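Asks: Order-wise, the sequence lines are chains A and B.
Numbering-wise, my numbering puts 194 at position 194 of the first sequence, and it's gapless, one number per residue.
Just remember that my numbering sits 308 ahead of the position in the second sequence, which is counted from 1.
Simulated from the structure, these hints should not be mistaken for laboratory data.
Since this is a predicted model, take the numbers as computed values, not measurements.
A portion of the hints provided could be inaccurate.
Said to hold, decoys possible - Derived EDC-like pairs: lysine to aspartate or glutamate, alpha-carbon spacing no greater than 16 Å straight-line:
1. A/LYS143 / B/ASP364
2. A/LYS263 / A/GLU202
3. A/LYS162 / A/GLU145
4. B/LYS389 / B/GLU416
5. B/LYS439 / B/GLU545
6. B/LYS451 / A/GLU195
Stated by the list, open to error - Under 8 Å between C-beta atoms, here's a sample of chain A residues computed to sit facing chain B:
7. MET14
8. GLN42
9. ARG47
10. GLY65
11. LEU103
12. SER132
13. TYR198
In this text, a Cβ means the ideal position worked out from N, Cα and C, and glycines have one as well.
There are 2 protein chains.
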Amino acid sequence: MNFTLTVLGTASAMPMTGRYQSAQVLSVHGRSFLIDCGEGIQRQMLRARIPMMKIDSVFLSHIHGDHVFGLPGLLSTMGMKARTQPLNVFAPPSFAPLLKFFLSYYGEGLAFEIRHVPLTMKAPEVILQTKSVEVLAFPLNHKIETFGFLFREREPQMNVRKEKIAEYGLSLTEIAAVKRGDDVVRGGQVIPFNELGYKPFEPRSYAYCSDTAPFAALPRWVAGVDLLYHETTYLDELADQAALRHHSTTLQAARCALEAGVKQLLIGHYSSRVKETDRYEAECRTLFPATTAAQDLMTVDLPLVKAE
Amino acid sequence: MNFTLTVLGTASAMPMTGRYQSAQVLSVHGRSFLIDCGEGIQRQMLRARIPMMKIDSVFLSHIHGDHVFGLPGLLSTMGMKARTQPLNVFAPPSFAPLLKFFLSYYGEGLAFEIRHVPLTMKAPEVILQTKSVEVLAFPLNHKIETFGFLFREREPQMNVRKEKIAEYGLSLTEIAAVKRGDDVVRGGQVIPFNELGYKPFEPRSYAYCSDTAPFAALPRWVAGVDLLYHETTYLDELADQAALRHHSTTLQAARCALEAGVKQLLIGHYSSRVKETDRYEAECRTLFPATTAAQDLMTVDLPLVKAE
């Protein structure tokens, strides 16, 4: 029942020795979702001991090189390792020619289907539902079409209190109703479901926002998530550079976290000008104390919190 | 006056934690030639302290992913660093669509020209001549069109012996003739140039052969080079795999070095099955003792050898 983020790269476009470019893996109940795919991701997955073949789906925010140049190698390796399970790639329409080119040049002998699901929404929309998680995509504000992603653990079934089964003599049909979150109705009597049962845990949530300049709707779209990853390409003093390049500063990311009322803020996508991330973190914390500067191969585990 | 090879990657197609994929930089008299360009090459160049902007030309053996997937990122970085110097890429014709695709998708704002020089020769041909080096390309024997490269330092001008200038009272015209390697002729008298002058050093040479199965002409084409890099994807026991995939074994590479009469053999492009390279090296040395198993970030310096 894990909900664990592994950060594989934290650099922005210009390469650095100490950092890889954008790529993350979110593992929910053992299923792995790859978010962006910077160059060298396979090496980072090997180091983080994340099995490449276990990647369930891929989510690409946009097609800038520092977010996708690791994909051809990864897909080739999946092919060499004889993957047969289809791979969904949720990505903007601009990804289609990249995939077409890859398949025409490097697709020979691939035994698995790569299905591009194009993202075109103007506001958050569900793009994937599994047994354990639902994923929404929403537009960001970057130079080219770019999308953010919100991963939400699904509401768990209610647990039925054993003592109430005896007390009310609940039938199997009534127990099933409580599990679904429905009240039990007997003639005129209504027994509220939350007297008979309880939610075993609070669903966890993670939002990924890179690359983006700030915009009014974003805090609303990621409101209340447990963990928000928001890019901070620039320190506050370079706000003009950030605006010019449709990126965010530390304070802009922190303001988004604050307005959205998230529990934790994780920052990254650092400019190559700055080697130490202390200043990024310190600037964010002036507005939003629960900020962590992401580092390559850092793992953020969101533990299960009992709802009772 | 250096002639130095830096090996950036020694793995074959399947990624490994300890090794990058094929890429090398040969530096001749301070000019840097990039040979193949596996994924992650920028990181390796940073670690090896090879300035990306100093790359003079690129030589691509073939377009398999493990030899080219680092190129889009490298070209993008050169663009961000505002390179203006044109970049020649010597590569098979199959590279043309890759370059076209890269330029159409990621070429916006590049301030330098990328010139693809297509390789189509059936036997060694000179493809580049600079003041210090001449480069030849020749076909290899792989699954797809693939080329090897031979870098030869150019013959130096003769040095004129000072004592002979006085002894014969050589004129400026006669001195120039000796420098060019011409005899001095005075009426019926011929004074041989090598009595009057001497070659200051022996030109150095390096040949790159990856990926290839053995074939009869290859030892002749790389005959006598100071340093031969020859792939050894497989140990001898996997000769059937090597044949199937148009690769070479240790013994095949060593036999080529022996027949070609090269001074040193450098091997690499190791299969991911084998973690230690001792066995590759040991097998080669049974036939060709001057074998070294290349390691990532290894540097091989060919020192200047005086001809006298």
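Asks: Each hint should be assessed against the structure and marked as holding or not.
Replies: Quick rundown of the hints versus the structure:
1. This hinted pair does not check out: A/LYS143 and B/ASP364 have alpha carbons roughly 32 Å apart, beyond 16 Å.
2. At most 16 Å may separate the alpha-carbon atoms for a hinted pair to count; A/LYS263 and A/GLU202 meet this at roughly 13 Å.
3. Straight-line distance between C-alpha atoms of A/LYS162 and A/GLU145 comes to about 52 Å, which puts the hinted pair past the 16 Å bound.
4. For a cut-off of 16 Å, the pair hint linking B/LYS389 to B/GLU416 stands: about 14 Å separates their Cα positions.
5. Restraint check for B/LYS439 and B/GLU545: the C-alpha separation of about 45 Å exceeds 16 Å, so the hint is violated.
6. As the CA atoms of B/LYS451 and A/GLU195 are separated by approximately 70 Å, the hinted pair breaks the 16 Å bound.
7. For A/MET14, the interface hint holds, the least distance from its beta-carbon to any beta-carbon of chain B being 6 Å, beneath 8 Å.
8. Restraint check, A/GLN42 versus chain B: the minimum CB separation of about 4 Å is within 8 Å; hint holds.
9. At about 6 Å, the closest approach between the beta carbon of A/ARG47 and any beta carbon in chain B falls short of 8 Å, and the interface hint on this residue holds.
10. The criterion of a C-beta within 8 Å of any C-beta in chain B is met by A/GLY65, whose closest approach is roughly 5 Å, and the hint holds.
11. At a threshold of 8 Å, the smallest CB-CB gap from A/LEU103 to chain B is about 12 Å, leaving the interface hint violated.
12. This hint is violated: A/SER132 has a C-beta 29 Å from the nearest C-beta of chain B, more than the 8 Å allowed.
13. Hint status for A/TYR198 relative to chain B: violated, with the closest Cβ pair at about 46 Å, above 8 Å.
In this structure, the hints that do not hold are numbers 1, 3, 5, 6, 11, 12, 13, in rising order.
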